[in-house]
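*Asks:* All chains should be modelled from the sequences, with the hints used to inform the complete structure.
Chains U, E, A, Z, R and W are the protein sequences, given in the same order.
Each residue of the first sequence is one higher than the last, beginning at 407 in the working numbering.
Each residue of the second sequence is one higher than the last, beginning at 407 in the working numbering.
Each residue of the third sequence is one higher than the last, beginning at 407 in the working numbering.
Each residue of the fourth sequence is one higher than the last, beginning at 407 in the working numbering.
Each residue of the fifth sequence is one higher than the last, beginning at 407 in the working numbering.
Each residue of the sixth sequence is one higher than the last, beginning at 407 in the working numbering.
In short, the hints are calculated from the structure, not lab data.
All residues carry an ideal CB built from backbone N, CA and C; glycine is no exception.
Be a bit skeptical, because a hint or two may be false.
Covered stretches of chain U, going by a simulated chain E footprint (3 or more residues, C-beta under 8 Å) [unchecked claim]: (1) 412-424; (2) 495-505; (3) 704-714.
Reference excerpt, derived from the structure (chain W facing chain Z, CB under 10 Å, subset only) [to be verified]: (4) Thr668; (5) Leu672; (6) Gly699; (7) Ile701.
Stretches of chain E that chain Z covers, calculated by requiring three or more beta carbons in the stretch to come under 8 Å of a beta carbon on chain Z [as the list claims (entries may be wrong)]: (8) 563-570; (9) 619-628.
6 protein chains.
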Amino acid sequence: MSGFLPVDSLDSPRFCGLPTFMRLPQASVEDVLDAAIIGLPCDSGAPYRTGARFGPNAVRSMSVMLRPVNPYRGNLNVFERLRIADAGDASVVPGYMQATMDRIEAAIDSLVRRDILPVGIGGDHSVSLPALRAVARQHGPVALVHFDAHSDTWPGYFGGELYSAGTPFRRAVEEDIVEPEASIQIGMRGSLFRPDDVSQSIDLGYEVITGDAMFDLGMAGTAARVAKRVRARPVYFTFDLDFVDPSCAPGVQTPEAGGPSTRETLTLLRALSAMNVVGADVVETNPLFDGPGQITALLAATVVHEVLSLIAAGRGASSGP
Amino acid sequence: MSGFLPVDSLDSPRFCGLPTFMRLPQASVEDVLDAAIIGLPCDSGAPYRTGARFGPNAVRSMSVMLRPVNPYRGNLNVFERLRIADAGDASVVPGYMQATMDRIEAAIDSLVRRDILPVGIGGDHSVSLPALRAVARQHGPVALVHFDAHSDTWPGYFGGELYSAGTPFRRAVEEDIVEPEASIQIGMRGSLFRPDDVSQSIDLGYEVITGDAMFDLGMAGTAARVAKRVRARPVYFTFDLDFVDPSCAPGVQTPEAGGPSTRETLTLLRALSAMNVVGADVVETNPLFDGPGQITALLAATVVHEVLSLIAAGRGASSGP
Amino acid sequence: MSGFLPVDSLDSPRFCGLPTFMRLPQASVEDVLDAAIIGLPCDSGAPYRTGARFGPNAVRSMSVMLRPVNPYRGNLNVFERLRIADAGDASVVPGYMQATMDRIEAAIDSLVRRDILPVGIGGDHSVSLPALRAVARQHGPVALVHFDAHSDTWPGYFGGELYSAGTPFRRAVEEDIVEPEASIQIGMRGSLFRPDDVSQSIDLGYEVITGDAMFDLGMAGTAARVAKRVRARPVYFTFDLDFVDPSCAPGVQTPEAGGPSTRETLTLLRALSAMNVVGADVVETNPLFDGPGQITALLAATVVHEVLSLIAAGRGASSGP
Amino acid sequence: MSGFLPVDSLDSPRFCGLPTFMRLPQASVEDVLDAAIIGLPCDSGAPYRTGARFGPNAVRSMSVMLRPVNPYRGNLNVFERLRIADAGDASVVPGYMQATMDRIEAAIDSLVRRDILPVGIGGDHSVSLPALRAVARQHGPVALVHFDAHSDTWPGYFGGELYSAGTPFRRAVEEDIVEPEASIQIGMRGSLFRPDDVSQSIDLGYEVITGDAMFDLGMAGTAARVAKRVRARPVYFTFDLDFVDPSCAPGVQTPEAGGPSTRETLTLLRALSAMNVVGADVVETNPLFDGPGQITALLAATVVHEVLSLIAAGRGASSGP
Amino acid sequence: MSGFLPVDSLDSPRFCGLPTFMRLPQASVEDVLDAAIIGLPCDSGAPYRTGARFGPNAVRSMSVMLRPVNPYRGNLNVFERLRIADAGDASVVPGYMQATMDRIEAAIDSLVRRDILPVGIGGDHSVSLPALRAVARQHGPVALVHFDAHSDTWPGYFGGELYSAGTPFRRAVEEDIVEPEASIQIGMRGSLFRPDDVSQSIDLGYEVITGDAMFDLGMAGTAARVAKRVRARPVYFTFDLDFVDPSCAPGVQTPEAGGPSTRETLTLLRALSAMNVVGADVVETNPLFDGPGQITALLAATVVHEVLSLIAAGRGASSGP
Amino acid sequence: MSGFLPVDSLDSPRFCGLPTFMRLPQASVEDVLDAAIIGLPCDSGAPYRTGARFGPNAVRSMSVMLRPVNPYRGNLNVFERLRIADAGDASVVPGYMQATMDRIEAAIDSLVRRDILPVGIGGDHSVSLPALRAVARQHGPVALVHFDAHSDTWPGYFGGELYSAGTPFRRAVEEDIVEPEASIQIGMRGSLFRPDDVSQSIDLGYEVITGDAMFDLGMAGTAARVAKRVRARPVYFTFDLDFVDPSCAPGVQTPEAGGPSTRETLTLLRALSAMNVVGADVVETNPLFDGPGQITALLAATVVHEVLSLIAAGRGASSGP
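*Replies:* Spelled out as structure tokens, the structure:
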């Protein structure tokens with residue numbers, strides 16, 4: 407159906423050509439699309455390791471490894487179901503959070519207004535806030551499905567600055583662009599600034615499944631909790647690579663020892679039921695800390711592919727795990 | 407018995423001297439040996455990341471960490487059971503697949519004809535085909551025991567070229583040098599080029615245990631399936647490092663997120679029953695993508711040690727897990 | 407209570423200032439402390455990969471990621487319970503094991519004599535012997551709780567040299583500074599020099615739980631065995647990073663394929679009951695082999711934090727898992 | 407004039423978007439262009455270090471550092487003089503030199519036939535031969551201006567294979583697509599296979615200026631020799647990054663200690679008089695050996711910019727150093 | 407005299423202890439000092455490569471290589487002439503240029519007000535502006551002596567943002583805190599955004615010696631021009647590591663091919679006559695791009711040592727080259 | 407004549423086989439040789455960066471780039487003039503300087519007694535002392551020709567330990583195994599511990615040409631000074647890689663900014679007149695700090711080749727620059 411198909415790596419080697427996401431066509435303004443990949447190369451929101459500005463292109467580079475058919479969703483070829491292209495990057499203004507967020511919001515907005523579902527590749531986690539603003543303008547407050555080692559709901563940083571990678575999901579509640587009662591955070595672990603670091607999310611209305619709780623529930627059980635929480639609401643899906651153990655995702659801003667493995671992570675994502683995704687991002691890939699194997703970027707690309715499959719599953723008849 | 411013993415790393419530090427595999431003696435043409443390590447430094451068959459030409463020496467360098475006694479096979483000291491030496495590398499012709507395969511076949515043939523079991527260190531997976539040719543000339547069509555994330559049974563690449571790291575096990579069936587009905591492929595996972603990527607192996611006659619199926623069966627169950635499939639036939643054992651998760655083996659050509667851990671992998675290998683191995687290879691170690699820790703090379707060396715133990719187990723009385 | 411609090415990373419970014427352990431104050435001689443972090447930058451005892459002399463500062467650099475509150479010990483803030491500071495490094499004499507051990511023993515002794523519990527950051531594993539000497543002078547022979555892939559109880563190296571990273575826990579028994587009947591070694595795995603490599607520890611009186619046995623027992627079961635073994639005796643806790651799988655700790659001297667993951671490791675440490683720790687070290691972090699993500703150093707820092715929590719748990723009323 | 411202008415890095419940060427060469431527009435088939443950048447990602451011709459298949463995109467990534475105006479050619483803005491775009495990559499067939507050369511020749515041919523001057527980015531040096539074939543079909547035998555540490559005029563490799571990175575400029579003479587009497591090789595140095603390694607080029611008709619001779623002549627003197635040799639003939643310009651000292655270009659296939667510095671190299675290139683360039687390539691950038699700074703890729707990009715300036719100088723009125 | 411002496415690396419190995427600059431004592435608020443090293447870990451002003459936030463500690467780590475006596479200034483031991491200590495880092499607010507500049511200005515101000523000459527270690531070049539503000543408050547408009555590949559006098563970036571690593575020396579003129587007529591910029595080279603990139607500095611009143619002009623003048627001649635320009639005025643000295651060729655300083659934000667070598671750079675610095683330095687910084691060291699040798703950080707540390715020597719030379723009787 | 411010829415890299419690719427030095431045959435005890443390459447993998451003498459234990463094999467790995475004919479010595483093929491083989495490594499005892507020196511002395515002695523000229527590859531600079539002891543036993547006190555950034559004549563380190571990389575050439579004078587009046591040190595530069603760091607060598611009787619003096623003399627002039635100093639005496643040649651600028655040799659123990667380039671260094675070595683070399687070493691290559699390009703190891707291999715050429719020049723009729 408689509409016409410928006412990846413270059414076939416059985417015909418032309420993966421290393422040939424400019425690496426768009428999965429070797430998809432580049433979007434032009436007149437394209438009628440269902441979804442678009444968009445890079446959000448911001449790292450001005452990073453309180454610790456910087457370099458996620460190079461994340462989108464690093465993820466694209468490794469995404470050439472991926473093949474179109476997803477055997478974990480009934481051999482779904484998402485590109486036969488949906489028209490998807492690579493829309494390039496939003497522009498940003500390094501060192502200026504406000505201007506950067508405005509540019510990101512505008513870029514996402516230009517997609518959403520054309521009914522193109524945005525799938526962002528970060529960049530640090532601050533990018534989710536302007537993306538949520540644009541998405542909520544179209545869809546109203548959304549249900550957040552959030553995978554992360556940290557809740558990113560701190561009140562502020564460094565003398566009270568409001569916008570950073572550690573604060574977007576408090577701001578989003580305050581701005582009434584997520585509906586916390588339909589939202590869920592999964593994977594929080596590690597040492598805390600204050601004893602109430604976890605409860606601060608619960609106080610905001612979020613459901614929180616810590617890393618330990620996730621393993622107690624099992625991946626299927628956790629997926630069931632997500633389904634129960636979000637039901638049919640429009641969902642914004644956000645995945646921070648530090649959700650995964652640093653051995654599987656060394657290239658992140660704030661690595662946290664003791665997370666799930668790559669396989670456990672993919673098992674969880676593949677267990678998620680079809681849901682009404684209206685926006686998504688996969689963030690905090692930092693190639694400067696990833697080593698020559700670039701396994702974090704590969705994992706990020708794989709997660710994006712799973713997210714695209716989840717989106718397609720929510721749009722079609724024959725999908726589902 | 408043997409006289410072919412590794413240098414003792416309690417006497418001389420591991421970093422002293424040219425690193426042969428496990429610090430074994432180098433083979434000379436007149437040596438009477440049971441098995442030989444042979445490097446197969448070809449990466450002309452690699453459709454994606456190249457550099458496996460540096461794999462054999464990288465594996466040798468990390469193999470100095472290994473000690474001779476294997477506690478997972480009844481404290482077997484394989485070097486007291488078998489005469490093993492390091493036969494150096496086959497020569498290759500970069501950029502010329504046919505000439506390269508001829509040189510590899512000749513090198514393996516010169517061992518096999520002297521009743522020396524070849525244990526190849528790759529090099530990309532294309533090296534298995536010439537090795538199989540030489541082995542099958544001596545032993546007839548062999549049972550293949552194949553660990554990999556990918557089945558490597560595609561028909562051709564890039565306009566129909568027949569020989570590459572993605573095609574050897576289709577060619578081997580076509581050439582009647584493996585017996586697919588006695589052969590088994592384990593660990594396939596990840597996204598697919600076409601919906602029939604997995605069934606193409608089954609269509610050729612192979613038994614396929616996907617990564618998910620392997621975890622469902624458990625490692626002992628999987629090992630039992632291998633034993634049931636190959637029975638007493640002569641076995642060619644081939645292990646592609648990308649069988650393992652990229653976190654445990656980042657230094658490979660085509661990493662595939664979501665594989666077994668190093669421990670799960672070794673548990674499986676150690677669970678294998680003694681079998682009649684007549685040839686083996688451990689391939690696709692690429693040190694250029696492995697990081698300073700060189701953990702892929704270490705794992706490859708450890709797998710070779712397990713293969714040697716499996717061979718010795720198949721030759722002796724007291725062995726077995 | 408304490409006044410010895412880490413810099414708050416919500417106020418000042420983690421990368422600002424000289425990185426002491428967890429951004430703690432630096433100890434001065436007149437400080438009244440409960441415990442002190444002390445770097446032991448020796449790698450003269452390393453038979454294989456060298457570079458652990460850069461370990462203490464590498465661990466400090468990554469320790470800035472840690473936050474003070476430990477949710478796995480009842481939201482314990484160890485720094486509110488104990489006065490802890492960073493005492494800098496012991497001096498060493500590269501290439502001279504005896505002089506190096508004397509300097510380390512003196513540095514630890516100066517802490518122990520002031521009733522300050524030493525928490526060493528290595529450095530190769532040879533540093534444990536001089537630390538044990540100083541601790542035992544104050545407390546008598548101690549119970550050793552030892553996490554490692556190797557038992558480090560070989561008689562000698564390279565023509566009989568007595569002191570190296572492979573021998574401290576034989577020497578400690580010979581010198582009567584550990585009580586092997588109250589001591590336990592956990593995690594031994596991999597190939598062996600001689601069939602009696604494991605039994606040599608048992609012959610010395612240690613209890614040994616191999617890696618396989620640990621998984622059979624489970625982490626809670628293993629923790630119970632530790633508690634049963636050490637009871638109320640004064641404990642010296644020593645953790646070699648190669649206990650963990652190389653995928654999770656590539657930056658070590660002698661990586662051994664097939665160990666527990668980071669999560670399994672932390673689960674075990676967090677399951678340990680409060681015990682009477684009188685000294686501790688976390689050793690063999692080698693940043694030269696760790697890659698840009700420095701995940702080994704991060705894990706080492708996290709282990710130190712868990713050790714501090716275990717110490718605090720042993721000192722207080724409300725602690726424990 | 408042109409409409410083919412780089413993205414302005416004062417407006418949008420350099421790291422935003424897919425990195426085409428110097429952030430130029432991508433060429434489409436209908437574009438009327440003066441010149442095109444084309445990646446030639448072949449490393450099947452590499453006798454030693456492989457990985458140059460990743461060279462074109464590595465050079466593009468660093469080329470974002472470049473700004474359009476060249477102060478060393480009279481503040482020439484090449485993009486105001488010529489219409490230039492990035493034509494992507496030729497396809498290749500790894501492991502098959504003949505098929506690879508055919509694909510490269512076809513890709514260059516499709517440009518040349520449309521009067522678009524091809525500026526190739528390698529890839530190993532074997533790519534020059536098919537490029538020369540396509541260029542000579544249009545322009546007849548060309549004058550070669552060749553910067554390199556090695557003459558690349560060996561008869562054959564590895565049992566007589568004719569095509570590799572070490573042979574193109576002998577083949578080109580044999581095929582009568584370069585005119586050696588109008589051609590010049592500059593920079594040869596280092597140890598030799600045979601005493602006649604240098605004279606073999608002279609025997610073919612080339613003028614050879616060794617590295618030592620170049621320093622004796624000085625950069626202006628060397629440039630004068632080039633001008634005198636090529637006069638008004640159509641020129642194919644080829645630059646191998648190993649011309650430069652390994653300290654300035656570590657990321658190459660066959661580094662040769664003792665070459666000119668980056669500054670000396672650029673001084674020479676900037677001293678070249680305007681000439682009638684009809685084709686060019688800059689080859690042997692291998693990012694796998696380049697380190698995190700990617701200084702070889704940056705230098706390669708800078709050399710390409712100088713080549714574009716030289717081309718523009720040859721086409722315009724006001725140019726020249 | 408001073409009491410502020412580096413730890414002696416003949417007594418205690420360089421790798422022992424927290425690495426302050428040159429192993430100097432840490433400054434406390436009550437110390438009476440002549441000068442202080444202060445880290446300025448800001449990279450929010452970086453339009454391209456980020457990571458200079460890790461620069462100050464990287465420079466400190468390599469500064470342990472330095473020894474106190476400078477044979478190029480008459481065997482001057484600067485620490486016997488001046489009381490110098492390491493004052494730690496200014497705090498910053500990542501992503502917020504204005505807040506960051508305020509914090510840096512306050513930190514420098516607290517030194518300057520106590521008559522302590524600030525020697526900043528960057529951080530990106532935006533840090534010079536707040537430092538100049540604090541220095542000029544005490545000393546009035548200063549003469550700028552500026553070594554750099556770029557003039558950093560652009561009007562604004564990315565939609566007109568005023569503060570970044572590319573703008574401080576235009577802002578400083580606008581704010582009347584440097585006196586351009588007494589100021590000099592040295593080393594500008596490489597491609598330009600606009601033909602007037604260089605003249606924009608001249609239009610502001612600066613003297614500009616391009617890289618080519620510097621080589622024409624020679625290092626002694628260039629030093630003479632500096633002396634002639636600044637005469638006895640209070641001088642702010644600023645050195646951007648990208649002044650040097652990328653082969654000698656790969657770890658920078660915006661590397662520019664074709665600069666002077668390390669030796670040429672040090673020759674120039676050592677040729678500078680004693681001048682009345684009242685503030686200094688050495689900026690743009692980015693360890694993330696520097697490779698394992700950390701040669702950029704070593705060079706930065708060496709430059710700081712030369713700056714300290716120049717300061718001491720300006721304060722004492724017996725100094726001078 | 408010789409029969410000891412390198413493998414021809416035009417026949418078999420450089421990456422095939424165990425990398426002996428320049429792909430030479432391995433020495434066996436009964437070989438009659440003129441010279442032998444011997445690895446001296448000691449880094450116990452390193453006061454700062456450790457890892458030179460991996461130096462000999464790193465230099466061997468890069469030495470495969472070298473070809474046998476030296477055009478800078480009249481197209482000399484040293485292997486046709488002299489019988490040379492690779493004798494493997496001396497054993498060492500990490501952490502025990504005395505035992506290590508004994509093992510090295512014995513290894514060199516076993517060569518020297520068989521009239522085989524030893525060419526050592528380090529290893530840190532402490533290895534020169536035991537080598538000199540063995541050489542002087544045969545030849546009496548030798549003339550030292552010493553290239554280095556540091557004189558390595560300090561009295562002792564770290565509380566007076568006598569043996570380290572910083573002391574061998576004081577010890578050698580004290581032990582009367584070098585004749586300082588015939589000896590010369592070249593290249594000293596950088597900051598000093600004490601004002602008399604340089605004069606300490608002169609006080610011992612050495613001639614010292616500092617780095618600055620070397621550039622004033624020019625390379626030919628410096629070579630002439632060497633010839634004048636050593637005349638016909640038996641010479642021990644020692645080359646520390648930190649003689650060269652860190653940009654050209656980042657992989658060393660104690661890098662010193664501001665040295666000669668690779669080209670300047672090779673120019674000097676190639677200018678040396680034939681002399682009566684009786685022993686040699688090339689030391690301090692540390693691959694852990696060398697980056698993926700391994701340019702330090704390549705340079706070290708190139709220097710060894712030049713040393714072999716110098717030796718051959720001293721033995722033959724037709725040699726000389």
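*Asks:* For each hint, tell me whether it holds in the structure or not.
*Replies:* Against the structure, the hints come out as follows:
no. : hint    : verdict
1   : 412-424 : holds (count 8)
2   : 495-505 : violated (count 0)
3   : 704-714 : holds (count 4)
4   : Thr668  : holds (5 Å)
5   : Leu672  : holds (5 Å)
6   : Gly699  : holds (3 Å)
7   : Ile701  : holds (4 Å)
8   : 563-570 : holds (count 6)
9   : 619-628 : violated (count 0)
Checked against the numbered hints above, the structure breaks hints 2, 9 and satisfies the rest.
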